[in-house]
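Hey, can you work out the whole structure from these sequences and the hints?
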Amino acid sequence: MKNLFALTRGMIRMAARQEPGSADFAQRLVERLDALAAAHSLGLETEGTEPIDLAELLTAVLQPFSRSSGGRISIAGPRISIPRRMITPFTLTIYELATNAFKHGCFASSGGTLAIDWSVLDEGAAVTMLELRWTEDCGAPVATPPDSRSDGFGQRLIDASVAQMNGRRSTAWTASGLQLTLGLPVAEAGER
Amino acid sequence: MAERPSEQGTRSPQPRPLPDGDAGSASLAGLVILLVEDEALLALDLRDTLEEAGATVVGPIVSVPEAVRAAQEASFDAAILDVDLQGDEVFPAAQIIAGRDIPFLFHTAHGEASHLRSVFADVPTCSKPSDPMKLLGILGTLIRDRGS
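Those protein sequence lines, which keep their order, are chains A and B.
So for the first sequence, the working numbering puts the first residue at 1; every next one is plus one.
So for the second sequence, the working numbering puts the first residue at 1; every next one is plus one.
Don't read these hints as lab results, they were simulated from the structure.
Treat the hints with caution; some may be incorrect.
FRET-style restraints, in silico, Cβ to Cβ [claimed, not checked]: (1) Pro20/A / Pro129/B: 24 to 34 Å; (2) Glu131/A / Asp101/B: 41 to 51 Å; (3) Arg67/A / Glu73/B: 47 to 57 Å; (4) Ser74/A / Asp88/B: 29 to 39 Å.
Positions of the beta carbon are idealized from the N, C-alpha and C atoms, including for glycine.
See below:
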């Protein structure tokens, strides 16, 4: 798996060298691929089908963003694991949200913060729900209209990924920035 | 949730030009395709490719119960069925579609599954990773063969 990611990465970069003007495109593609590789490498470090620790997964995916944000990202919540089949859609969702925050949101200018926190909700006995909150605080009133924030692809990728996880998403805009909540079923008593 | 095509489901949408001049073999103008695929990225790519070829897409559908419902209730000309949907297999939906005599193909990462060999021996199987344009070509052939 790791080798396949490395190969794909190399192939993209080699191909980009031959195509004038594709460097930015290739770089964005490689960064997204790296996030996915970092997430999946967590799965490789443990045996079999063990679920993946949420905080570890978030830390891995957000690592490139954390470096450039100077400690303005906080991650907090009770210890919980998510099933391996959710690694890819979860990673793609978080990566797109973080990319948007850097391109258009609170990290586009200095002073903003991002808080990710979660709680575990037991909806009856059948399904354990993870409620994850993504709260951006720009430190000043924001004027960004919600619609212009994300390009079409990013938004569609988030929606499709949340659907893949059988999850739901709600987005709200407060005076200080984006407030997004993901509801994800993380453990079911027997697959449907 | 799948958007169901209206009664005029086969009404032709405005066909958009294809990217690579492969229009002849892959045009699906005016056709309705049921897309069952739970991997978000692949689903988006396939839907765009189908729409670029002029098709209307029902889906993408991500679970077996939804696939079964669409197989029973939606009207479509052909279907692309991902075999493994979040750990479940798509075969109940495939049975229904076969029973309605609508052509379909399997799109799977494990093409050697015994069920595919025995029960659905006549159904084309495309192994992932696959070129969406090739998938479209096979779909077009299936639909044309059925129509003749």
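Each hint, compared with the structure:
For the hinted restraint 24 to 34 Å between Pro20/A and Pro129/B, the CB-CB distance of approximately 27 Å keeps it satisfied. As the Cβ distance of Glu131/A to Asp101/B is approximately 45 Å, the hint placing it in 41 to 51 Å holds. For Arg67/A and Glu73/B, the Cβ-Cβ distance of about 50 Å falls inside the hinted range of 47 to 57 Å, so the restraint holds. Restraint check, Ser74/A to Asp88/B: a C-beta distance of roughly 37 Å satisfies the suggested window 29 to 39 Å.
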